[in-house]
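2 protein chains.
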Amino acid sequence: MSDWDETFDVIVVGAGFAGLTAAVEARTAGASVVVIEKMKAPGGNSVISDGGVAAAGTALQESSGIQDSPELFYRDMLKAGMGLNHPALVRVLTEKSAEAFQWSADYLGVQYLKRVDRFGGHSLPRCYAAEGITGATIIKALVTKAAELGVSVRTATSLSTLVTDERRVCGVVVEEGYDARKKTGTNTKRVKAERAVVVATGGFGADVPFRSTQAPRLSQEVDTTNHKFATAEALVTLLRIGSTPVHLSHIQLGPWASPDEKGFGSGPLFADYIGFLYGILVHPLTATRFVNEQSDRKLLSEAVMEIGSPCVCISDQAAVTRSGWNIDRALRKNVVQTFGTLEELACRYNLPAQPLLRTVERFNAAVSRGGDDEFGRPILTDSPPIQHPPYFAMRIWPKVHYTMGGVRIDERAQVIALDHRPIQGLYAAGEVTGGVHGACRLGSCAITDCLVFGRIAGKNAALAGHLDG
Amino acid sequence: MSDWDETFDVIVVGAGFAGLTAAVEARTAGASVVVIEKMKAPGGNSVISDGGVAAAGTALQESSGIQDSPELFYRDMLKAGMGLNHPALVRVLTEKSAEAFQWSADYLGVQYLKRVDRFGGHSLPRCYAAEGITGATIIKALVTKAAELGVSVRTATSLSTLVTDERRVCGVVVEEGYDARKKTGTNTKRVKAERAVVVATGGFGADVPFRSTQAPRLSQEVDTTNHKFATAEALVTLLRIGSTPVHLSHIQLGPWASPDEKGFGSGPLFADYIGFLYGILVHPLTATRFVNEQSDRKLLSEAVMEIGSPCVCISDQAAVTRSGWNIDRALRKNVVQTFGTLEELACRYNLPAQPLLRTVERFNAAVSRGGDDEFGRPILTDSPPIQHPPYFAMRIWPKVHYTMGGVRIDERAQVIALDHRPIQGLYAAGEVTGGVHGACRLGSCAITDCLVFGRIAGKNAALAGHLDG
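Going down the list, the sequences are from chains P and W.
If you want the numbering used here, it's the position in the first sequence, counting the first as 1, plus 86.
If you want the numbering used here, it's the position in the second sequence, counting the first as 1, plus 86.
This is chain P alone, in the form it adopts within the complex (with noise of 0.2 Å):
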C-alpha cells in the first residue's frame, strides 16, 4: 500500500501503565515504536490510580519473613473471581508478578515504599506501594525510560480504525490534534505498523452508555473513581473487527470510596488502608457490623449497595500511626473527620450511641482474642484496639472503579476473534482485556497486569512480523 503516510514496527495505542510498558519492551526488543495517547498527556487513568502492584515471592516478602507463593496468588485471584478467570492467563499474572515487579524497580527506576501491606482478598502481605502512593511514579518513569530509547510519543492522538489486510492488522487511522471533550481531531493519519499494534486504552468506568448496556443500574447517577474519558470507543474498535468479547457485565465498584467527594478522592486511603484493615465498618441506623471489612471489593459493594445508603467506617489514632499512612489531605477536604469521642462521632453521623460503644466494644473483644468470630475477617498481629482518641470516621458509598470485562487475549498478549483464533499483528494488555480477573479483580492486581501482560504483548509484538504466516 502506498497511502501510508508512517510507518513503525510497532503501534502503541494508549500511554497508560499498559501501554508504555509495551512500548519500553518493543523498543529494547529492536523495534521503532510509536505510542498514540488520545488525551493531551501520557498517563491517563493510571496515574490517578493510587500505584499498588501486588507480587508473590518478592525479596521483601522473605525478607519480612512471608512466606507467599504464585499458587497461592492464583488462587486467591480466582476465588474473587467467582472461576470466570482464564486460568492460563492468571497463571501467567502470578508466576511472573515478583519479576515485572522487580523489573519496575530495577530497569524502570520506580522507588516503592519498604512496605508490604495485605488488602481485602488476599491471603497475606504481597501489595507494595510506589512512592507517594500514586501511580504517576511509575508512569513518570516509564515516560522518562521510553523518551531515553527513542520511543515517540504522540499525545492529544487518537486511534479511529485498525486497519486490516485479509492476514492481519497492518496499521491505525488516527486523528491528530485530538480534542476529547469534543470528539474531534485537525487530520487524519495513517501509521503502518510493520509488525503489530498492541492496544492499551484501558476500561470504560467513566463510559456511562456503555457501562449501563451491561449494568443498567451503574447510570449516570453513580459516580466513578475513573477519569471522564476511560470511556469504550478502542474497546469498541478492537469489537468491530471481531475481536471476542470477554466479562463486559463484569464491572467493580470501589467500596473504599467516599460520597462526600468526586471522583477518586482523598478517602480511600483512608478507608481501604487504614479503616478495613484497623477499623470497623457499621450500618448507619444500627451501628452493628455487617461484613468482613477485609472481603473483596465485589462483596464488600454489594453489602453496603444492599444497605442502600451510606455506612461509616471508623478508626482511631493508633491504627493511624500504625499504619504510618498520612492522611492529612483527605482530613484537609473533610472526607474524614476526626472527634474526641465515640459520641460526638455518633452524633455526626446519625448513628445510635450506645449500639455504637457495644459494636466497638465487641470489636475491641474480637482483636484482644485475635479472632472475629462474627465475620471471620483475619485480625492482624499487634493490631490495636478502637480506644485511642482522636477517632477517625469517613461516610463510605461505591463507585464504578474497574471493568473486569474486554476482548479476549492468550498467554502471549494476543488478542482471540469470534472463531478463538488469534488476529494477526494484534496484541492488547491491560484494563482494555477481560478474562484475568474474572468476576471481580483483587486490589493491586491491575497494575501488575499492565505490567506482566504489557511486558509481554511489547515483546511479541517487536517479534510479530518473524513469527506469523
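Note that these hints are calculated values from the structure, not bench results.
Every residue gets a Cβ at the ideal spot worked out from N, C-alpha and C, and that includes glycine.
Do not take every clue at face value.
[As the list claims (entries may be wrong)] Taking beta-carbon pairs under 7 Å as the criterion, some of the chain W residues facing chain P (in silico):
1. P295
2. A301
3. P475
Based on the hints, put chain W in the right spot on chain P.
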C-alpha cells in the same frame, strides 16, 4: 443488486418458538416470509423444552383466586436477574405476557393443562404447562399455523452471512443442504429481504468453546440440557456486523437435572414440579437441608455446585399424587427411584439414616406450622408432610441450560449496534438476545420471552421497509 437468488419481505432465521412466532406475525401482517432452519426439522431446542409459559394476570389465575400483576412479575424477574436486566425489556415481557399466552391458546390453538404452578423465584403461581408437558405441543401449533398462512419453512438451510449495504441489513447468504454434524452445505444461495431479517437462532449452551470462553468452568465435562447443535454461529454472525454483546458470561445451570441420564432427560419433571415444591433437597454427606428448594435457578445451582457432589431430592407418594404429574418415564429410566422406607432410601444413596430421619421430621414440623424458619421457603397450602410411602428420590447435579446473554435489542426488538443505534432491517428475539433476564432467568420465562418478542419482531419486521429512513 442483481445477484439475489430469491426475494422475500421478511427472512426469519431459526424455526424455534421465537422464529416461528415472528414468521406467523410477519405473515399475518401481510409480508411474504421465509424461515430458514439449519437442522433437518423445525423446533431446535424448543421441542425438547418442557413447554412451560409464565404469564401474569391471566383468566386462569383470576378464576383460581391468584392476584398477580405485571408489576409483581417485573419485580420477580429483576430480583432474580440481580438488577442486570434491561428494565424496559422486562416491562414489555411482563406487560404483554398474558396477551401472548392467550394468543398462543386462541390463535395458535395451543392446549394448556388446566393448572397454574409456582416455580422457584416466582412470588406466586403463574406458570402454565403445554399439553404433554413439552414444547413440541407449541411448536406443532406454530408449524401448522405457519403452513396455513403460506410461510415457507426451509430446513437444512444455514445462515452464513448477514448481507449489509451502507444503510441496513438487506439479505442473507445461506447454505442449503446443510449438515450440522459436518458443518457443510451443498450449495450457497443469496436471499434478499425487502423489509427485514429476524434472527431467532437460540442460545449457545452446547457450544463448549464459546461458553467456556465466558465461563471457563463450563468445559466439556459439564453436561447440558440443550440439543447438541445449540451453538453460537448465528450469534457470532450478529457480532461480526457490530451488534452489541450483552451479558454473555451469564450462563444458567438447571438445578433440577440428574447426573444419571444425558441431556434434559426425565428427571427435571420430578425435581422441579414435585421434589422442590413438596419435598426436600439434602446434602449427600450430612442428609441435612442446605437451601430453600424454591430459590431461583442461580442460587440453587450454585448451592449444589458448592457442595461439590450430587445431592438427593426426596419426596413421597402424597406429593406425587397431589402434584398430578405423571413421572413414569423417570421411574422406568431409574432416574427417580422408589423406596418403602426412608432407611432403604438412605442406604441406596449412602446417606446417614438417623440424620435423614431427623431432617424429614424437622421439615414435616415446618409443613405443619406452615412456615420454614430455617431456609425461608414458602410452604404451599395443604402441602402434605413427607410420610406416605413409597418415598421417591433422585440425584441432583446441575447442567448448562440457558444462556442469558446475546445481542442487545430495544423494545421494538431491533438489534442495537455498538454505537447504541438500531441496525436498520435487523430484528432479534428469544435466547439469541441478551438483557431480558439479566444474571438469572426464572423458570417458564423463556417461552414467554420468545412469544412476546417473537411477536414484536415479526410485526415490526413486516413494516420495516415503511418505517425506516
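Return the status of the interface hint for W:P295: holds when the least beta-carbon distance to chain P is below 7 Å, violated otherwise.
holds, 5 Å
Interface hint check: W:A301, Cβ to nearest Cβ on chain P, cutoff 7 Å. Holds or violated?
Since the shortest Cβ distance to chain P is 6 Å, the answer is holds.
Interface restraint verdict for W:P475 against chain P (beta-carbon cut-off 7 Å):
It is violated, given that the least Cβ distance between W:P475 and chain P is near 41 Å, above 7 Å.
Consistency note: the structure conflicts with earlier hint 3 alone.
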